[in-house]
Amino acid sequence: MSSRVAVIGIGITEFGELWDESYRALITKAGTEAINDAGIEGNEIDGLYIGSMSPGLFSGQEHVSSLVADYSGLAGIPATRVEAACASGGLAFREAYISLKSGLMDIVVAGGVEKMTDSPTSSVMITLMGAGDQEWEAFKGATFPALYALMARRHMFEYGTTLEQISEVAVKSHHNATLNPNAQFKFNVTLKQVMNSPPVAEPLRLLHCSPITDGAAAVVLATEKKAKKLCENPIWVEASAISTDTIALHDRRSLSRMDASIRAAKYAYEQANLKPSDIDFAEVHDCFSIAEIMAIESLGFCKPGEGGKLTEDGETKLDGSIPINPSGGLKGKGHPVGATGIAQIVEVVEQLRGDAGKRQIDGAEIGLTHNIGGSGGTCVIHIFSNR
Amino acid sequence: MKGIATHWRLIPQRYNLVGTKCNTCGEKFFPPRYVCPKCRRAGNIEEFQFSGEGEIYSYTMIHTAPEGFDFQKPYILAIIKLKEGPLLLSQIVDCKPEDVEIGKKVEKVFRKVIADGDSGIIRYGYKFKLKSS
Chain A
1 MSSRVAVIGI GITEFGELWD ESYRALITKA GTEAINDAGI EGNEIDGLYI
51 GSMSPGLFSG QEHVSSLVAD YSGLAGIPAT RVEAACASGG LAFREAYISL
101 KSGLMDIVVA GGVEKMTDSP TSSVMITLMG AGDQEWEAFK GATFPALYAL
151 MARRHMFEYG TTLEQISEVA VKSHHNATLN PNAQFKFNVT LKQVMNSPPV
201 AEPLRLLHCS PITDGAAAVV LATEKKAKKL CENPIWVEAS AISTDTIALH
251 DRRSLSRMDA SIRAAKYAYE QANLKPSDID FAEVHDCFSI AEIMAIESLG
301 FCKPGEGGKL TEDGETKLDG SIPINPSGGL KGKGHPVGAT GIAQIVEVVE
351 QLRGDAGKRQ IDGAEIGLTH NIGGSGGTCV IHIFSNR
Chain B
1 MKGIATHWRL IPQRYNLVGT KCNTCGEKFF PPRYVCPKCR RAGNIEEFQF
51 SGEGEIYSYT MIHTAPEGFD FQKPYILAII KLKEGPLLLS QIVDCKPEDV
101 EIGKKVEKVF RKVIADGDSG IIRYGYKFKL KSS
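Chain order of the listed sequences is A and B. In terms of our numbering, the first sequence opens at residue 1 and continues consecutively. In terms of our numbering, the second sequence opens at residue 1 and continues consecutively.
Chain A with its partners taken away, still in its complex shape (with noise of 0.2 Å):
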């Protein structure tokens, strides 16, 4: 029977648009803090890995599992570089887990790091756009914003969601970036200012996109034995769950739902034994507002289609009877590609740990992290309980 997990050290940088910082600046950093926080030494470490999305198209720099083992001063440590567009992150985890349950390995760091800013924003799009299909969406000129475009015009259609409510989502998401330090805008944001920002793919403008981001961000895991020797508040992993779906939008059953998450949270659910009603609060894939509503019938906070009156009714809010995204989710705290899905979990632990600060949610046991792939092509779902 193999043994639990934990997540015992995390570390992250600040996010946003960094220019005195490089990759290896970044995720260096990011890994230091975590080992640090970890207390253990860098000869425990039995491997790494590492999600990105595309340092070769950003930044002409491949083979980064080698790099940054290679700058973490542990050349020589068996290293795995993760790629699933938007869910590296996730995925970096997942396989950092699966390494641990093998039994072949004790101590392992997952880290998710994306330099975007090297490039001008014209070439980073079409990067971006390479999580889609490159020769049926990519070709006809499908920017991303005008796939979730896409899926949140039949969300309208199908469901009566409104802009409001989509826009309540960047308004929450921005009051929780002003409470967590790390974030990329400590601004507030009114629904008026969402609704009239300038139009990116619409119904979709410019406030319910999330950004070009540079960060990074680390966590240290370990064995059951490992963990309990080793830290005093081991998080553990209740569940690590993957579902893929068809990478291109035009193939999905539904442009109103992600299969790939329905499916994702029902493995996820099962695994740890848990219903959507036992989740204190999540970590779900904001990339665009409209992700978020989707994000939250998919993992069973609501029924199909009532995401943006849950939204619209405040209980998605710090306060409220499910919060999400208490970081500031995608839009908020920014979205530098593969280190996102690390970064959920950053603060899922954080939480867990009771040491959120000023977004700290009372009383909080079991968390959720949602992490997609493109517009849907990969769901990754983890759960963390502190019990």
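Any given hint might turn out to be false.
Label-pair restraints from in silico Cβ distances [what the hints assert, rightly or not]:
1) B/Lys112 <-> A/Ser254: 39 to 45 Å
2) A/Ser66 <-> B/Asp118: 38 to 44 Å
3) A/Glu164 <-> B/Pro37: 34 to 40 Å
4) A/Gly320 <-> B/Arg9: 47 to 53 Å
5) B/Lys28 <-> A/Phe187: 46 to 52 Å
6) B/Val93 <-> A/Asn233: 56 to 62 Å
7) B/Asp99 <-> A/Asn188: 36 to 42 Å
8) A/Gln134 <-> B/Asp118: 31 to 37 Å
9) B/Val109 <-> A/Thr246: 24 to 30 Å
10) A/Gly354 <-> B/Lys28: 52 to 58 Å
11) B/Pro37 <-> A/Ser321: 35 to 41 Å
12) A/Arg387 <-> B/Ser51: 55 to 61 Å
No wet-lab data here; the hints were simulated from the structure. The beta-carbon is built from N, C-alpha and C at its ideal position, and this holds for glycine as well.
Given the coordinates of chain A, work out where chain B should sit on it, guided by the hints.
Coordinates of chain B only, in the frame set by chain A:
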């Protein structure tokens, strides 16, 4: 800059909406698939010619355009449900933005999609226009 072969290989699909169908289960695919998701190895895939008729399933108007599409902005991108079943992504052209609605009938036209800079390859393909009643 992508190679010539990438586009040349897809000319029957991009110019003429030639897809595939699985003779085992009858499912039709556009873009073409070489493995039927339902039948997999039990499938029997052959070419299938789509009519080019369909209706609007969803749409958006793009204001922030990627390189190569700048001069067209704002442009309308839609998910179109072809008469024969599959959905595909395409621009809708030759109409006023306010005329685009979910459910309206459309038909395929042949248009320039993107050029590789001022002196590079011009890539053509399908776009759709509202069907004149």
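Notebook entry, point to check: Of the numbered hints stated previously, which ones are contradicted by the structure, given in increasing order?
Noted result: 1 and 8
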